[in-house]
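Next come the chains, spelled out residue by residue.
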Amino acid sequence: MTDKILNIKNLVKTFGQLKATDDLSLDLYPNEIHAVIGPNGAGKSTLIKQICGEISADQGRIEFLGKDITHLDVVARARLGLGRTFQISSLAMEYSVLRNVMLAVQAVQGSSYSFFKSIGNDQVLRASAMESLKEVGLENRADVCAAKLSHGERRQLEIAVVLAQQPKAFLLDEPMAGMGAEGSKKLTGFLDTLRLRAPILMVEHDMDAVFSLADRISVLVYGKIIMTGSVAQVRNNALVREAYLGED
Amino acid sequence: MLNLTREQLLNGAVVSTLLVLSALALFLDEPFYITLVTKVTILAMAGVGLNLALGLGGMVSFGHAAFFGIGGYVTGILASHALNEELLFTAFGFAVFGTTNMLFIWLFAVLISALAAALIGYFSLRTQGVYFIMITLAFAQMIYYFSIAWPAYGGEDGLSIYQRNQFFSINTLDPLSFFAICFSLLLAVIFLVSRLKNSHFGNALQAARQNEQRLAAVGIRPFGIKLTAFVISAMITALAGALFADLNRFVSPGMFSWHTSGEIMIFVLLGGVGRLFGPVIGAGLFILFEYYLGGVTEHWMLFLGVMLLTVVLFARGGIVGVLAGEVKHD
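Chains as they are written, first to last, in my numbering: chain A, 1 to 248; chain B, 1001 to 1330.
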């Protein structure tokens, strides 16, 4: 199947006795939002880290745009077009908001070994970074130092940076974390339009967001996907209720 | 209308001070003071080199003496061969006798240190934090002991350069002329670093210091960026080493020792980590202490230590930080 954007097959990762990822298979189609849910400790973060290349899988295979990326590192995967955001915002804190995004733009341009081209006067660089900031509504905060942003604004900046990377797939690690009701609602609306640009694989705790956004949901428990299905299927599945939703 | 920041004003003041001091020394007919200011200029350049790695890239190299010493020894070796008309090596049927032309000496000093830095950096940059500090120190100490054990160029006694090397038709033995050469090179190097700092490369380098994970996630490999900066940093420090050899007309293994690495780092810490003119202020204060307090007591290092401690504890941006405020990234 070449029309799969991301195709994960039989992934295994163990830490000592613990099987954090247990023969896991997962895929992502164009224009869809595929959410991975699961209780704490189910191995969601371990999965995200294996997909973006931060940790390597013990077994299995990851294909991205038809290419085997199992043995590529974070940088190589990012260059192929895998754009990820972090569960805990990871930014250049001393830089301004704009400069954080400019970093992503220059990465796409491949101009990071330009020794004399000033970034201050580079109108193209600034303009395209500004474009991404406008999309997330941070254009008025462009000159503010990233360290001075509120938690929610940092999340927005993470999204702006990943937009500037022009990825072929988005990998979002709990984008709603700590956003508050108002922020979550806005972001949900935004992600809904984002899928048209590139498909989204997201790990998320916020069930309202997941149920309103996801085309497909995979439920992860103890490193295994116990089911993948539509929102309705997941909601009505007895196993899922028992393992996860039934908690409350 | 010129709209200068406090830091730019301070930088202007630093440059003027060096010029005024040398002019004053000339006017008072005290050539020794010109030599002292020249020493500040050269040591400042070594610090500017380290500052590129340490201040912008966050690479705390405790082995920059290696590059300072390589610059010095390249100068000493090339000059001694040329002056003694001894064969250095033969390549492709050409006999090479060394040179006393500063331009060639600088070129070789910079190229050879770049090679050394590429090698040292390639291994050291696989580690972080304290390990990086210790590995760079270990490499520098290896070269230090090698220089002591290598009798061909003086071993422990070092190597004298009987006359100062040549720079076009300028009389380089004239203190003011030699100062002018060193001072111009220092300004050129600072200009280069300021351009690097504000370039696309500089943007990636400073991001690598703040958050390597972020840099990798957007698709820029931190290792390559840092290694490149480490090599450029070494080249600048080696140029300073070459000038230092010509200033003293003598090179010794001491240039390679960890004391030298420590002193270069003190210039940076004292003046202001990551600030363009920080090492110039740091080196200036260091020489001031060494010369004036050193004349009063042999324990002058104690006072330097107290000052360094004060600056590091209470003024994290060094002296430049105190006088010109925090760094601003636009």
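Do not take every clue at face value.
Unchecked claim - Per the computed footprint, the stretches of chain B lying under chain A, defined by three or more beta-carbons under 8 Å from a beta-carbon of chain A, are: (1) 1086-1094; (2) 1189-1199; (3) 1202-1212.
Unchecked claim - Cβ-Cβ distance ranges computed for the label pairs, FRET-style: (4) A/S212 x B/Q1213: 50 to 58 Å; (5) B/N1003 x A/G189: 53 to 61 Å; (6) B/R1316 x A/G41: 36 to 44 Å; (7) B/L1111 x A/G137: 30 to 38 Å; (8) A/V231 x B/N1003: 25 to 33 Å; (9) A/G189 x B/R1006: 23 to 31 Å; (10) B/W1258 x A/Y113: 28 to 36 Å; (11) A/I88 x B/R1126: 46 to 54 Å; (12) A/T14 x B/Q1008: 32 to 40 Å; (13) A/E131 x B/Q1213: 34 to 42 Å; (14) B/F1146 x A/T14: 28 to 36 Å; (15) B/L1313 x A/G137: 38 to 46 Å.
Don't read these hints as lab results, they were simulated from the structure.
Positions of the beta carbon are idealized from the N, C-alpha and C atoms, including for glycine.
So, going through the hints one by one against the coordinates:
no., hint, verdict
1, 1086-1094, "violated (count 0)"
2, 1189-1199, "holds (count 4)"
3, 1202-1212, "holds (count 7)"
4, A/S212 x B/Q1213: 50 to 58 Å, "violated (31 Å)"
5, B/N1003 x A/G189: 53 to 61 Å, "violated (43 Å)"
6, B/R1316 x A/G41: 36 to 44 Å, "holds (40 Å)"
7, B/L1111 x A/G137: 30 to 38 Å, "violated (51 Å)"
8, A/V231 x B/N1003: 25 to 33 Å, "violated (58 Å)"
9, A/G189 x B/R1006: 23 to 31 Å, "violated (45 Å)"
10, B/W1258 x A/Y113: 28 to 36 Å, "holds (32 Å)"
11, A/I88 x B/R1126: 46 to 54 Å, "violated (26 Å)"
12, A/T14 x B/Q1008: 32 to 40 Å, "violated (57 Å)"
13, A/E131 x B/Q1213: 34 to 42 Å, "violated (25 Å)"
14, B/F1146 x A/T14: 28 to 36 Å, "violated (47 Å)"
15, B/L1313 x A/G137: 38 to 46 Å, "holds (42 Å)"
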